[in-house]
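Enquirer: According to full-length UniProt numbering, the residues represented by the sequence shown are 1 to 353, in order.
No wet-lab data here; the hints were simulated from the structure.
Incorrect hints may have been included.
[What the hints assert, rightly or not] Here are the simulated distance ranges between beta carbons:
{"id": "1", "residue 1": "T148", "residue 2": "V245", "range": "21 to 27 Å"}
{"id": "2", "residue 1": "A57", "residue 2": "R275", "range": "50 to 56 Å"}
{"id": "3", "residue 1": "D151", "residue 2": "A22", "range": "41 to 47 Å"}
{"id": "4", "residue 1": "V245", "residue 2": "R107", "range": "29 to 35 Å"}
Using N, Cα and C, we set each Cβ at its ideal position, and we do this for glycine too.
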Amino acid sequence: MSLRNDRGLAVRMAAALAVVVAANALFVGVVVTLVAPWLGTAVRRVANGAGVPDAVAALWWLPLAVALVAGSVWAQLRYVRRETLAAVDAERAHPQTYPDLDRRLTRLAAQTAVPTPDCYVVDSETPNSFALDGAGPPTVVVSTGLLTTLDGDRLDAVLAHELAHLQHRDATVMTLASFLPALTGDRYSPLDHLGPWARSRAVWAAALAALYAVGAVATATSPFDPGYALGFAGGLVAAVVVGGVALGAFAVATTVAARRLSHYREFAADRAAGRLSGDPAALADALATLDGETTEAPATDKRLAYDEVRGLCLLPAGFASEAADPDEFHVETRSHPPTDERVARLRELIDRQ
Numbered sequence: 001m002s003l004r005n006d007r008g009l010a011v012r013m014a015a016a017l018a019v020v021v022a023a024n025a026l027f028v029g030v031v032v033t034l035v036a037p038w039l040g041t042a043v044r045r046v047a048n049g050a051g052v053p054d055a056v057a058a059l060w061w062l063p064l065a066v067a068l069v070a071g072s073v074w075a076q077l078r079y080v081r082r083e084t085l086a087a088v089d090a091e092r093a094h095p096q097t098y099p100d101l102d103r104r105l106t107r108l109a110a111q112t113a114v115p116t117p118d119c120y121v122v123d124s125e126t127p128n129s130f131a132l133d134g135a136g137p138p139t140v141v142v143s144t145g146l147l148t149t150l151d152g153d154r155l156d157a158v159l160a161h162e163l164a165h166l167q168h169r170d171a172t173v174m175t176l177a178s179f180l181p182a183l184t185g186d187r188y189s190p191l192d193h194l195g196p197w198a199r200s201r202a203v204w205a206a207a208l209a210a211l212y213a214v215g216a217v218a219t220a221t222s223p224f225d226p227g228y229a230l231g232f233a234g235g236l237v238a239a240v241v242v243g244g245v246a247l248g249a250f251a252v253a254t255t256v257a258a259r260r261l262s263h264y265r266e267f268a269a270d271r272a273a274g275r276l277s278g279d280p281a282a283l284a285d286a287l288a289t290l291d292g293e294t295t296e297a298p299a300t301d302k303r304l305a306y307d308e309v310r311g312l313c314l315l316p317a318g319f320a321s322e323a324a325d326p327d328e329f330h331v332e333t334r335s336h337p338p339t340d341e342r343v344a345r346l347r348e349l350i351d352r353q
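Assemble the whole structure, with the sequences as input and the hints as a guide.
Expert: In structure tokens:
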């Protein structure tokens, strides 16, 4: 189904994307506000020297903010893609090692009119799959349990479901929407990839000292001026407090919007996969089979009910079963529609054919 013909999916994608972009814009706004007294002064000096009108020079922050928001979104897409593949220990499925899987994806991608995605395989007995998109090639991830459990038309139907996520581009939005909740939940730590020095107090102290000195030079103020020192400290405190509160609020909003999208997009991808394969019954049978396999697994930790990988998967079980700690507080939420409801809707689609 074309996205243009599915207003419900388009609205939910727009809502999730709007929250993510707003969160990034807020972060960039804080950064630009902090550097405005220094950078703005330097830019206006250069603009005056070049004969640029004051009204134009006053908008120096706009192209900078747009570039920073775009760069931030791109970096998050790239980071989430890498971290998600690493989190499930996914290995690239080459045509030589998985020839049947490669042939199926290539054929179905041609029918779906999307580029053939990269394929990764997770060594897990839990049958599941998901799609990633964004900064980097589109990607479909399947588990060895899925390849063992399904074959023929049922496997085609599940692969078509994942390709539908790529066709609708909801995989891109879900990939992006995964970053902020994971960051605030301390499941992602970008600093870890920079090495031990990134967490060193000495490094951060030196960086703040350098920033303080640069600000004093840019504003032609003495670094020993008490007014400048108070303004610098007040700006940092305000940025941390306001930024922290806003980050938490946007993380909650992103989770809600992403959950609503996740719930609806599964129905949309089911419909598209049924039409693509011409056999909705195959997907209905696959979902019923996979649901039976995953519900026999041990209970999962409800704190991860909207964990990044599970929110992206065909079924909410993810790729591993983790026993919940009965002594800790759990809140059960659900990002996927019930499997029996998905099967029922596919049966309705079959009846209308």
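Enquirer: Each hint: holds or not?
Expert: A quick look at each hint next to the structure:
1. Against the hinted window of 21 to 27 Å, the Cβ-Cβ separation of T148 and V245 comes to about 48 Å, which falls outside the hint.
2. For A57 and R275, the hinted distance range of 50 to 56 Å is satisfied, since their beta carbons lie about 55 Å from each other.
3. Distance hint for D151 and A22: a CB-CB separation of about 45 Å, consistent with the stated range 41 to 47 Å.
4. Checked against the given bound of 29 to 35 Å, the beta carbons of V245 and R107, roughly 50 Å apart, lie outside it.
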